[in-house]
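Visitor: Just so you know, we're using this note's numbering here: the sequence shown kicks off at 1 and counts up by one.
These aren't lab readings, by the way, just hints derived from the structure by calculation.
It should be emphasised that the depicted structure is a prediction, and the values quoted were computed from it without experimental measurement.
Cβ coordinates follow ideal geometry from the N, Cα and C atoms, glycine included.
Check each hint, because a few of them may be wrong.
What the hints assert, rightly or not - Label-pair restraints from in silico Cβ distances:
1) Ser37 x Leu71: 44 to 52 Å
2) Pro38 x Tyr104: 29 to 37 Å
3) Leu30 x Val2: 36 to 44 Å
To be verified - Straight-line distance between alpha carbons at most 25 Å, and here's what the computed SDA-like set of lysine to any residue pairs gives:
4) Lys66 x Ala36
5) Lys95 x Pro48
6) Lys90 x Phe109
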Amino acid sequence: MVLILKIIFWLCFFSVVYTYLLYPLLLRWLARGHQASPPTLGDKDTWPRISILMSVYNEERVIRQKLDSLLGLDYPTNRLAVFIGSDCSKDDTNKIVGAYASRYSHIHFFPF
Numbered sequence: 001m002v003l004i005l006k007i008i009f010w011l012c013f014f015s016v017v018y019t020y021l022l023y024p025l026l027l028r029w030l031a032r033g034h035q036a037s038p039p040t041l042g043d044k045d046t047w048p049r050i051s052i053l054m055s056v057y058n059e060e061r062v063i064r065q066k067l068d069s070l071l072g073l074d075y076p077t078n079r080l081a082v083f084i085g086s087d088c089s090k091d092d093t094n095k096i097v098g099a100y101a102s103r104y105s106h107i108h109f110f111p112f
């Protein structure tokens with residue numbers, strides 16, 4: 001019984017030492033002299049399509065800032081789609097989002 005407990009202890013001890021000490025040292029040793037190349041973004045038409053989903057409810061105070069932030073992204077609008085669903089907002093959220101959706105073709109508005 002004592003032998004089994006000693007084996008379990010040393011296995012746990014080695015696992016912790018390997019995880020926090022030996023593995024990082026091994027990675028550093030394997031990566032020595034290797035220069036990482038900066039990522040290339042390529043042509044904007046090859047960027048992936050991105051969909052942003054937003055659920056809003058009575059967001060009149062902040063929805064303009066959120067939408068302006070999304071419009072300020074440095075991402076091609078033909079590769080970006082924004083879907084906004086409003087859950088029976090009682091303030092002017094629907095009017096604001098509707099105005100943005102009518103002005104920008106990549107913003108889609110669904111009032112419920």
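Visitor: All hints are to be evaluated individually against the structure, with a verdict given for each.
Guide: Okay, the hints, checked on the actual structure:
1. Look at Ser37 against Leu71: about 32 Å separates their beta carbons, and that is not inside 44 to 52 Å.
2. Checked against the hint of 29 to 37 Å, the C-beta distance between Pro38 and Tyr104 comes to roughly 32 Å, which is consistent with it.
3. Between Leu30 and Val2 the Cβ separation comes to about 39 Å, which falls inside the hinted range of 36 to 44 Å.
4. A hinted pair counts as satisfied when its Cα atoms are at most 25 Å apart, and Lys66 with Ala36 does not qualify at roughly 35 Å.
5. Taking the CA atoms of Lys95 and Pro48, the gap is about 31 Å. The hint is violated against a cut of 25 Å.
6. This hinted pair checks out: Lys90 and Phe109 have alpha carbons roughly 16 Å apart, not beyond 25 Å.
Hints 1, 4, 5 from the earlier list are contradicted by this structure; the remaining hints agree with it.
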